[in-house]
Amino acid sequence: MMSDPQARLERLTSMLRRRGVILPAFEIHGGVAGLFDFGPIGGRLRRRLNNAWLEHWAAQGDIVEIDSPTITPESVLIASGHVGEFNDHMSECNACGGVFRSDHLVEGFHSNPDVLAPKDLDQLISNNNVNCLTCGAMDWKDAQPMNLMFSTRIGTMKGGRTAYMRPETAQGMFMQFPALYRHFRNRLPFGAVQTGKGYRNEISPRQGMIRLREFNMAELEYFIDPEVESSHDFSKWVSSRFNFVPDPEFGEPLEMSPGEASTQNIIRHPTVAWFMARTWDFLVSVGIDPAKIRFRQHEGTEMAHYASDCWDAEIHGSYGWIECVGIAHRGCYDLAAHESATGDNNLRAWRPYDEPKIVDKTVLSGKGAVIGPSFRDQASAVNEALELLIDMPSKFPFELSLGNGDKVTIESEMVEEKRIQSTEHGEWFLPHVVEPAFGIDRILWHILDHAYLESEKGGEAYTVLRLSPSIAPIDVVILPLMEKDELAEMAHDIHRRICSTKNLASYYDGSGSIGRRYARADEVGVPWAVTIDHESLQNGSVTIRRRDDGKQVRIQSDDLVDTLTIGPSANLF
RNA sequence: GCGGAUGUAGUGAAGGGGUUAUCACCUGAGGUUUCCAACCUCAUGUCACGGGUUCAAAUCCCGUCGUCCGCACCA
Numbered sequence: 078m079m080s081d082p083q084a085r086l087e088r089l090t091s092m093l094r095r096r097g098v099i100l101p102a103f104e105i106h107g108g109v110a111g112l113f114d115f116g117p118i119g120g121r122l123r124r125r126l127n128n129a130w131l132e133h134w135a136a137q138g139d140i141v142e143i144d145s146p147t148i149t150p151e152s153v154l155i156a157s158g159h160v161g162e163f164n165d166h167m168s169e170c171n172a173c174g175g176v177f178r179s180d181h182l183v184e185g186f187h188s189n190p191d192v193l194a195p196k197d198l199d200q201l202i203s204n205n206n207v208n209c210l211t212c213g214a215m216d217w218k219d220a221q222p223m224n225l226m227f228s229t230r231i232g233t234m235k236g237g238r239t240a241y242m243r244p245e246t247a248q249g250m251f252m253q254f255p256a257l258y259r260h261f262r263n264r265l266p267f268g269a270v271q272t273g274k275g276y277r278n279e280i281s282p283r284q285g286m287i288r289l290r291e292f293n294m295a296e297l298e299y300f301i302d303p304e305v306e307s308s309h310d311f312s313k314w315v316s317s318r319f320n321f322v323p324d325p326e327f328g329e330p331l332e333m334s335p336g337e338a339s340t341q342n343i344i345r346h347p348t349v350a351w352f353m354a355r356t357w358d359f360l361v362s363v364g365i366d367p368a369k370i371r372f373r374q375h376e377g378t379e380m381a382h383y384a385s386d387c388w389d390a391e392i393h394g395s396y397g398w399i400e401c402v403g404i405a406h407r408g409c410y411d412l413a414a415h416e417s418a419t420g421d422n423n424l425r426a427w428r429p430y431d432e433p434k435i436v437d438k439t440v441l442s443g444k445g446a447v448i449g450p451s452f453r454d455q456a457s458a459v460n461e462a463l464e465l466l467i468d469m470p471s472k473f474p475f476e477l478s479l480g481n482g483d484k485v486t487i488e489s490e491m492v493e494e495k496r497i498q499s500t501e502h503g504e505w506f507l508p509h510v511v512e513p514a515f516g517i518d519r520i521l522w523h524i525l526d527h528a529y530l531e532s533e534k535g536g537e538a539y540t541v542l543r544l545s546p547s548i549a550p551i552d553v554v555i556l557p558l559m560e561k562d563e564l565a566e567m568a569h570d571i572h573r574r575i576c577s578t579k580n581l582a583s584y585y586d587g588s589g590s591i592g593r594r595y596a597r598a599d600e601v602g603v604p605w606a607v608t609i610d611h612e613s614l615q616n617g618s619v620t621i622r623r624r625d626d627g628k629q630v631r632i633q634s635d636d637l638v639d640t641l642t643i644g645p646s647a648n649l650f
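Quick note: the first sequence uses our numbering, first residue 78, plus one each step.
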């Protein structure tokens, strides 16, 4: 009964719906593809996973959290490259209606079809008699731009500003680089994280939670000085074996520790290796099966427009290997792009020299009394051009080019030569960034997939969700052995006490036989069950049952909150 | 987006131009039980949405939306 993976996937999906973990959104209005709700169980599960992620990175000590708007002005996304990159052109076949990326159709006929205008694409398609890949016809509609971003406007009346729902959270961290730099007292390296919604208007969302139109992202931007040798301590993982799948151009899949992969240059940058290792730690800590994690390097052709090296953490589950985390070395791409788009010069960091550099310069300085009357309204432009002059003229008079392209003749009495000595203590540079970007929904899906365990109990199917206690949405279920007498009263009491404790959630269940209630709790992954029986009324003790093996021990109900807060210890059982 | 399949309680299914729309599990109440989906009685709840054909539509037709599979797409 458990052999068919498709059937298992259907049972799991049904259970998630039935128990209020993951549900289709807006269902009474017909539903919308690619949008999901987290229900009463799923909502808290998602929050816990999110918090676990934030805490995991905060623990590193040099990473802070920020939060940015989801509505993003167009200019930001033009600078970042998303408007260009997400604006692929599509060609539609008139015969069969098939739709293809125009640049893919003309691959081989142009060295870089990505940059072509729609007219050129159409021209190239017809000149080379490109046939439809589906029906073989040669009858194309004009290439149309297709933008995967949700567009909107800022401002309600006419005019306003074009904007998009952010396709990633990363831009927020780049926008706030100056504030982050100040926060960290002008010292690299440091990082910033942000979790929140991202939006992509996918053509065809499929595979449940794998491809969504609105999804939970968690991104980290770690800013480093490219000239400082990064040193990371990989000793924690010396005996860990990670699965690596390098770009086929560079090598075969292999197993080794992340430290080795870094020293052997399989991972090109040690900071990328470091974040891969820390990502692995995170995934395992929230309940992903380590045997089902692999790191796959992007091939040159699929590398995102910003990345210079990129590894995906892929997780294996019911849909095969799925990319759940992308760890990219983005170089200085983003900061440079925003700098050149805005002219803002605060996106740089200061690198002091070991020794101050003494620079001797000879400059020509305009004599105001001569330049002014000679050039009148051009005088200030002449002075600027003189200051920028690097090579001293060999003779006078000489021709000087102004910033606006005009040329003027400079006589020797207009200027004087000055020797300037300055001391430079350092330089401004664009930091590089390593970006681990997590798809929370995809990870959450795989946590559920890996935790969902089907077995048999007394000839009947029995399912347990073996969620890690660190993210289980309900910590403990409170069960009066019978819902009468003072048993129910005592159980309610304990339930309220646990719920009012920070970071603990309990669930009161009083209906049905005790076995049925254990089963209900097991199905949604409650790690602990507390049962109140007649002995409890006499001496205040209760039994606590461990989900994964059904083992029970008796403890004092007064100790319950403390025991659950620190997690019941192994020697208790 | 194209092609195919499909949509009936919370879940899984049966049925089908005129029925009080059926069954199991689940859920709730009462009884029984006194620690791992027991049992008895009762109860709640369903034909995706919109339009058409018809005296009559959950059933036939069309459209929309959703789901699944294949193709295409997928920072």
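No lab work stands behind these hints: they were computed from the structure. One or more of the hints may lead you astray.
Claimed, not checked - Per label pair, the in silico range of CB-to-CB distance:
1) L649 x R574: 35 to 45 Å
2) M333 x S362: 34 to 44 Å
3) N128 x D639: 45 to 55 Å
Claimed, not checked - As a list, the in silico BS3-like pairs of lysine-lysine whose alpha-carbon atoms are at most 30 Å apart:
4) K444 x K495
5) K495 x K434
6) K495 x K472
7) K579 x K628
Idealized CB from N, CA, C, for every residue including glycine.
Taking the hints in turn, this is what the structure says about them:
no., hint, verdict
1, L649 x R574: 35 to 45 Å, "violated, 20 Å"
2, M333 x S362: 34 to 44 Å, "violated, 21 Å"
3, N128 x D639: 45 to 55 Å, "violated, 21 Å"
4, K444 x K495, "holds, 12 Å"
5, K495 x K434, "holds, 19 Å"
6, K495 x K472, "holds, 16 Å"
7, K579 x K628, "holds, 26 Å"
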